[in-house]
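A.B. asks: One-letter residues, chain by chain:
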Amino acid sequence: MGLDIRWPIGLMFLVVGLLMVIAGFTVPPEQLQRSLGININLMWGVGLLVFGGLMTFFAWRGSQKNGQNPPGK
Amino acid sequence: MHDINLGVIDYAILLVYVAAVLGIGFALRRYMKSSRDFLITGRTIPTWVTGLAFISANLGALELVGMAASGAKYGIATSHFYWVGAIPAMVFLAVFMMPFYYGSKARSVPEYLKMRFDERVRALNSISFAVMTLLASGISMNALAKLLNQLLGWNYNVSLWICSVVVMVYVLKGGLTSAIYTEVLQFFMIVLGFAPVVYLGLKDVGGWGSMNQSLQQVAANPAALNLGTNANYNANAWTSAWEPLLAGPEKNPMGVDWFAMVFGLGFVLSFGYWCTNFLVVQRAMAAKNMTAARNTPLVAAVPKMLFPALVIVPGMIAVALMSNPQKGYRIPPPPLDQAVYVKAEAVVKSAATQPPDAAFQLVAQAVGKKMDPAKVAALIKDHAAQPLPMPAFKQRLDESITEYDYDGVIISLVKRYCPTGLLGLALTALLASFMSGMAGNVTAFNTVWTYDLYQAYIAKNKSDEHYLWMGRAVTVVGVLLSIGTAYFARLYNNAMDVIQLVFGFVNAPLFATFLLGMFWARATGTGAFLGLLGGTATSALFHALTIAKDNAPGLKGGYLHVAHVFPSEMAQNFWLAAFAFTACFILTLVISLLTQRTKTDEELKGLVYSLTPKIKDEDQPFYLRPAVIGVVLLAACVVLNIIFW
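Top line first, the protein sequences correspond to chains Y and U. Positions 1 to 73 (our numbering) are the ones given, in order, by the first sequence. Positions 74 to 718 (our numbering) are the ones given, in order, by the second sequence.
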């Protein structure tokens with residue numbers, strides 16, 4: 001099949017990670033009492049960005065090797 | 074229960090996820106040219122993808138919600154479903170059974186049965202599988218939509234329909250390939266969405282060691298938390314997997330002994346599920362070659378082995394939290410209908426004039442649940458002094474109920490720990506599990522319907538275009554029927570019990586048929602067919618004659634006569650499976666010996682172990698050979714069992 005699943009996974013987690021990082025800066029501190037005072041959005045957001053980045057990187061490297069294009073066309 | 078509000082970011086995360094799964098469906102649309110592309114994929118998918126899809130299809134919402142519930146009820150012993158049940162079964166599937174499924178070129182598990190035995194066995198298996206799959210899908214959808222409704226205040230119908238339509242669209246566009254690819258994405262979503270919740274929960278209860286200490290106090294006096302009246306539990310009833318089990322059924326909250334566990338769950342139920350259920354086997358059959366197909370369950374086994382940390386630990390965290398009053402946490406009570414609240418309010422008002430004992434009886438009767446006398450008395454007193462507004466009254470009444478709705482554990486923890494942002498991620502993970510389970514059911518159903526029922530019995534020799542059209546049409550029908558089942562399960566409270574009962578009847582004997590079919594060339598079609606029927610009849614009879622402690626005869630068993638009482642429903646289920654398997658095994662064996670073989674050795678080549686040339690893995694490096702990986706996985710399982718002994 002011509003779709004490398006690492007593209008959608010990688011790109012989705014990059015966007016979700018970004019949203020979490022934004023939440024890390026915008027969510028009011030009193031909400032963070034729920035997460036025991038930890039800014040879990042920022043921490044986990046960065047984690048997701050790294051995961052998404054790695055997936056995208058491997059997808060890109062795979063496409064260089066096989067001459068496949070990103071999803072879409 | 075208070076509703077919780079989602080922020081813009083929460084909705085944004087949800088939308089990004091939905092866009093991603095739909096995008097996968099649309100990207101794959103142009104590859105769907107024949108019914109094979111749509112229903113069984115072009116068999117070109119890489120192993121890591123089929124492997125993750127293999128467990129993701131099984132990781133439906135019921136699995137997540139149910140395993141957390143069992144973690145709370147039974148503690149770490151729930152891991153037997155993984156380390157005794159799933160992993161050995163997956164290794165067996167990979168090493169011994171996959172060569173026949175993949176090598177026979179069958180397009181489905183029922184089709185393999187037709188090649189090995191005859192049309193009758195295929196018809197029996199495909200009909201029961203198609204019905205069960207739809208029912209399972211509906212049950213799971215009902216369970217999740219209900220939880221979202223009760224705990225988050227989301228509209229039941231909207232949750233149900235939106236999720237179903239999303240699944241329908243991406244399956245219609247990209248067929249099984251699309252289901253498999255999205256399952257991989259959903260796998261990562263589920264793991265990465267729940268991991269931080271588990272982390273926060275563990276941190277809150279003071280880490281693993283401190284959680285275990287709390288759980289030991291709970292085991293010493295479970296009645297204090299209304300977790301059962303048995304005061305005989307081992308001190309490590311919630312924290313050790315084997316010791317309480319070996320000490321006997323009265324020493325562990327599951328109420329089972331080691332034999333029922335190892336034979337009933339480990340051997341019969343788990344092997345029956347993982348090795349014969351087309352829902353999961355279909356994923357392995359989509360792999361690109363024989364080695365990849367055999368390695369699929371092995372790739373799946375690695376994360377599966379670690380899942381208890383994600384799905385069982387939350388249940389244990391919930392109980393540990395409850396044992397510490399300062400945390401102000403309880404597992405949610407079973408939800409009541411609005412009508413019950415109204416009735417209870419009137420009763421509470423009028424009960425103020427009654428003597429305390431009689432007043433308590435009246436209220437408990439009106440609510441229909443076990444209640445705490447002191448809290449009910451206080452509620453009656455306060456309500457008489459100054460009538461409480463309905464929301465406050467509801468909350469006080471809920472707090473007085475001493476029963477638990479264990480299925481609410483996961484969502485209650487998500488609500489407790491997740492600020493906006495993480496909340497969106499965790500809820501998306503929950504919806505992802507819902508969708509992966511449903512897509513798994515729908516894609517297995519449409520293949521079995523199109524190839525094993527429609528093509529085999531209704532419309533033979535049509536063009537492939539016709540079958541592709543049928544595959545698509547039945548995808549829509551399957552989704553609609555699942556939605557119908559969901560409403561049915563919602564309408565009748567005991568619909569779920571009935572359905573699960575039927576699962577048990579049909580699934581328990583099935584593994585015996587496959588075992589004899591694959592490893593004994595002498596097994597005949599008549600033997601397999603009658604054995605399977607006999608096994609199912611045995612389950613039904615066993616259920617009619619036994620019952621679990623504290624259950625009234627009826628749906629839960631014992632309606633003909635109570636010949637034996639089990640300490641728990643779980644023990645009853647495990648023993649039922651053991652009996653049904655044995656009956657099917659013996660019947661198939663005896664009837665096969667009494668009947669003529671209809672298939673020659675030549676016809677059974679590739680279908681039966683002794684008549685099939687052994688697969689040589691010598692061209693593979695040793696660390697990629699399924700047998701080697703299988704042994705390593707089993708060893709890892711043994712180590713896990715010893716660590717949590």
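The hints are simulated quantities; they were obtained by calculation from the structure and are not laboratory data. Every residue gets a Cβ at the ideal spot worked out from N, C-alpha and C, and that includes glycine. Some hints could be false.
Some residues of chain Y that are not near chain U, with every Cβ distance over 12 Å (derived) [said to hold, decoys possible]: (1) W7; (2) F57; (3) R61; (4) S63; (5) Q64.
Taking beta-carbon pairs under 8 Å as the criterion, some of the chain Y residues facing chain U (in silico) [said to hold, decoys possible]: (6) L3; (7) I5; (8) I9; (9) V15; (10) I22; (11) Q31; (12) L32; (13) R34; (14) S35; (15) N41; (16) L48; (17) L49; (18) V50; (19) F51; (20) G53.
25 Å max Cα-Cα, derived SDA-like pairs, lysine to any residue [unchecked claim]: (21) U/K488 / Y/I38; (22) U/K454 / U/Q468; (23) U/K488 / Y/L3; (24) U/K622 / U/K178; (25) U/K106 / Y/V21; (26) U/K678 / U/T668; (27) Y/K65 / U/K443; (28) U/K622 / U/T673; (29) U/K276 / Y/L3; (30) Y/K65 / U/G115; (31) U/K276 / Y/Q64; (32) U/K488 / Y/K65; (33) Y/K65 / U/Q468; (34) U/K276 / Y/F51; (35) U/K400 / Y/E30; (36) U/K187 / U/L713; (37) Y/K65 / U/T685; (38) U/K361 / Y/I38; (39) U/K467 / Y/R34; (40) Y/K65 / U/P694.
A.B. asks: Now look at each hint and say whether the structure bears it out.
C.D. replies: Hint check:
no., hint, result
1, W7, "9 Å, violated"
2, F57, "15 Å, holds"
3, R61, "15 Å, holds"
4, S63, "14 Å, holds"
5, Q64, "17 Å, holds"
6, L3, "5 Å, holds"
7, I5, "5 Å, holds"
8, I9, "5 Å, holds"
9, V15, "5 Å, holds"
10, I22, "7 Å, holds"
11, Q31, "4 Å, holds"
12, L32, "6 Å, holds"
13, R34, "5 Å, holds"
14, S35, "5 Å, holds"
15, N41, "4 Å, holds"
16, L48, "6 Å, holds"
17, L49, "12 Å, violated"
18, V50, "11 Å, violated"
19, F51, "7 Å, holds"
20, G53, "14 Å, violated"
21, U/K488 / Y/I38, "16 Å, holds"
22, U/K454 / U/Q468, "16 Å, holds"
23, U/K488 / Y/L3, "37 Å, violated"
24, U/K622 / U/K178, "48 Å, violated"
25, U/K106 / Y/V21, "42 Å, violated"
26, U/K678 / U/T668, "20 Å, holds"
27, Y/K65 / U/K443, "65 Å, violated"
28, U/K622 / U/T673, "51 Å, violated"
29, U/K276 / Y/L3, "40 Å, violated"
30, Y/K65 / U/G115, "22 Å, holds"
31, U/K276 / Y/Q64, "43 Å, violated"
32, U/K488 / Y/K65, "45 Å, violated"
33, Y/K65 / U/Q468, "61 Å, violated"
34, U/K276 / Y/F51, "23 Å, holds"
35, U/K400 / Y/E30, "18 Å, holds"
36, U/K187 / U/L713, "39 Å, violated"
37, Y/K65 / U/T685, "38 Å, violated"
38, U/K361 / Y/I38, "45 Å, violated"
39, U/K467 / Y/R34, "24 Å, holds"
40, Y/K65 / U/P694, "23 Å, holds"
Consistency note: the structure conflicts with the earlier hints numbered 1, 17, 18, 20, 23, 24, 25, 27, 28, 29, 31, 32, 33, 36, 37, 38.
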